[in-house]
Amino acid sequence: MRSVLNWSSKMNKYLAALLCVFALYGCSESVEQPPVGEGSELSGKVRLDGSSTVFPISEAVAEEFNAVAPRVRVTVGVSGTGGGFKKFVAGEIDINDASRIIKGSEQEKAAANGVEFIELPVAFDGLSLVVNLQNDWVDQLSIAELNAIWNPDSTVKTWADVRQGWPDEEIKLYGPGTDSGTFDYFTKVINGKEQASRADFTASEDDNVLVQGIAGDKYSLGYFGFAYYIENQDKLKVVPVDGGDGAVKPTLATINDGSYKPLSRPIFIYVNPASLDDPAVAAFVDFYLEQAAALSEEVGYVALPADVYQSGRQRVAERTTGTAYGEGASVSPLTGNDG
Amino acid sequence: MAAQSNLAWRHKKAAFFKNFCIGVTGFAVLILCLLIYQVSVLGLPWLDAQFLSSFPSRFPEKAGIKSALMGTLWLVSMTAAIAIPIGVLAAVYLEEYAKPTRLTEFININIANLAGVPSIVYGILGLAIFVRFFQLERSVLSGAMTMSLLILPVIIIASKESIRAVPGSLRQAAFAVGATRWQVIRAHVLPSALPGILTGVILAISRAIGETAPLIMIGALTYVAFVPEGPMDEFTALPIQIFNWTSRPQQEFHELASAGIVVLLLVLLMMNAVAVYIRYRGTRIK
Chain H
1 MRSVLNWSSK
11 MNKYLAALLC
21 VFALYGCSES
31 VEQPPVGEGS
41 ELSGKVRLDG
51 SSTVFPISEA
61 VAEEFNAVAP
71 RVRVTVGVSG
81 TGGGFKKFVA
91 GEIDINDASR
101 IIKGSEQEKA
111 AANGVEFIEL
121 PVAFDGLSLV
131 VNLQNDWVDQ
141 LSIAELNAIW
151 NPDSTVKTWA
161 DVRQGWPDEE
171 IKLYGPGTDS
181 GTFDYFTKVI
191 NGKEQASRAD
201 FTASEDDNVL
211 VQGIAGDKYS
221 LGYFGFAYYI
231 ENQDKLKVVP
241 VDGGDGAVKP
251 TLATINDGSY
261 KPLSRPIFIY
271 VNPASLDDPA
281 VAAFVDFYLE
291 QAAALSEEVG
301 YVALPADVYQ
311 SGRQRVAERT
321 TGTAYGEGAS
331 VSPLTGNDG
Chain Y
1001 MAAQSNLAWR
1011 HKKAAFFKNF
1021 CIGVTGFAVL
1031 ILCLLIYQVS
1041 VLGLPWLDAQ
1051 FLSSFPSRFP
1061 EKAGIKSALM
1071 GTLWLVSMTA
1081 AIAIPIGVLA
1091 AVYLEEYAKP
1101 TRLTEFININ
1111 IANLAGVPSI
1121 VYGILGLAIF
1131 VRFFQLERSV
1141 LSGAMTMSLL
1151 ILPVIIIASK
1161 ESIRAVPGSL
1171 RQAAFAVGAT
1181 RWQVIRAHVL
1191 PSALPGILTG
1201 VILAISRAIG
1211 ETAPLIMIGA
1221 LTYVAFVPEG
1231 PMDEFTALPI
1241 QIFNWTSRPQ
1251 QEFHELASAG
1261 IVVLLLVLLM
1271 MNAVAVYIRY
1281 RGTRIK
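Just so you know, the sequences run in chain order H and Y.
Residue numbers for the first sequence follow the working numbering, so the first one is 1 and each next one is one higher.
Residue numbers for the second sequence follow the working numbering, so the first one is 1001 and each next one is one higher.
Simulated from the structure, these hints should not be mistaken for laboratory data.
Hints may be right or wrong, so weigh each one.
What the hints assert, rightly or not - Straight-line Cα separation of at most 27 Å, BS3-like style, residue types lysine-lysine; simulated pairs:
no., chain 1, residue 1, chain 2, residue 2
1, Y, 1062, H, 45
2, H, 193, H, 261
3, Y, 1013, H, 45
4, H, 109, H, 157
5, H, 261, H, 237
6, H, 45, H, 109
With these hints in hand, go ahead and build the complete structure from the sequences.
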């Protein structure tokens, strides 16, 4: 009998644990915020996913949007550009953050599922080449020199191999991992083919690892997004790149006006036009284009020229689908900046 | 004489082995202390009520882990509510009811193998079955069911071991005074096996709380500025938020990540403390 009582007291504990679950349910309901500000009558869901490069901008926009429309639940995932497109073409999300243009194969899948897309550039990212602070010999690098260093059949072993007179010391290379959109873009621009790169460099998907590596190694050279350079200016030295018209250092100004080339790239959001029928999503996209310039600079990216956001708004208003930058571009590009 | 020196040599070997073991243990503890020290130094200055009660933000001083903390509590509570009854009852069936047939043997071997399957595989399974097939979407429920699959083998194996360790004489004594099988299990086997079962549960839940890969696979989100209000709501969890902060360029976010790690450790410690307390009570009553 005693043990039966024991057992029932244990049952009670289990029930108590279950009750805790429901208590969580109850207390979370009470924290609902009272509606304030304009657009507060809006409610609904906006689902974003995709690139980790674009994430800081989308997060900033979602945070600010929450202040004007607190009843709209905006969620942002980080599945990578490709992972996000998989969900996007299946119609599972409203907006995909993309650090590259949509691929032909992804367009085909979207078409097969009856999903359309509106392509909206939201900011520029300038890939930055960086060296150690103690590196006093590199003044600039040309595209040809970068190609000589990074091409898959590169014979460059030391700095002296890059240019006569530079130290005869082994060059230590750092770069993003092969799943990264940054790696895709850099290899395409420098080596002419996506994913074509020498393989004997220190690769990491985490740019902070690259920062640490380069900051601690006098004979290093690496590349990553502009935001990581800006945050670590005191630890690293950026290398001006000569794209044909003289060496240009990446700065907010040179990336914005297109003179830092060819290593500045636009980053995008892809919107499902069917989702725009939901007023919450429509309001969010409108807000995104309105705030993208200011917020992208706040998180370390570079704003696009104002008319690009304007034409973006126009495309949303007219529901202009298709890609202007990608394969089979059906719409004329939005800016002359990147040709 | 030879025997004498041999004895001294054997004692020397014994002493050496003992010191070696102490050294190895000390090394493990030292590394752990270093980790905790580093995380605390970076994280503690950020750890305050504001940090616990704010949603994520692009401003480090405004950012908090409310949605991640609540998401983790939801996830772990629901995972426990699903996995513990199923796991323990499966162990009871396999140990007390199932006949030792080839099929039973086959099931046992498979459970042992499942315990070693990488967690990402459970994520893919969860994505295909719960998120897509059952249309549960990226909800806390999908996450909890995926996590349950992940930790079920651990719970079943630990429970089976501890049920098997209950002396057969205990069962026979109960049967002898006319107890049914159900009464024997309820009143004798389970209470005696409880400490071992709880150890398994602690290990399993600790694993669930720190897992990130399957959650990312099924599409748990990174930026969520609301607390889940029901099992069908979208969610984020502590490891995901920590991972996101460590990959930011700004140093302040790395410190926030440390603060998040401290919170994760505290949650883990509290849950384990509850389980240890129940286990202690269980052994004392006996």
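Tested hints:
Taking the CA atoms of residue 1062/Y and residue 45/H, the gap is about 24 Å. The hint holds against a cut of 27 Å. A hinted pair counts as satisfied when its Cα atoms are at most 27 Å apart, and residue 193/H with residue 261/H qualifies at roughly 17 Å. Restraint check: the Cα-Cα separation between residue 1013/Y and residue 45/H comes to about 68 Å, which exceeds 27 Å; the hinted pair is violated. Annotation: proposed proximity of residue 109/H to residue 157/H is violated, straight-line Cα distance about 43 Å (limit 27 Å).
Taken as a hint, the residue 261/H and residue 237/H pair is honoured in the structure, with Cα atoms around 18 Å apart against an allowance of 27 Å. As the CA atoms of residue 45/H and residue 109/H are separated by approximately 24 Å, the hinted pair is consistent with the 27 Å bound.
Going down the numbered hints, you'll see the structure goes against 3, 4, while the others check out.
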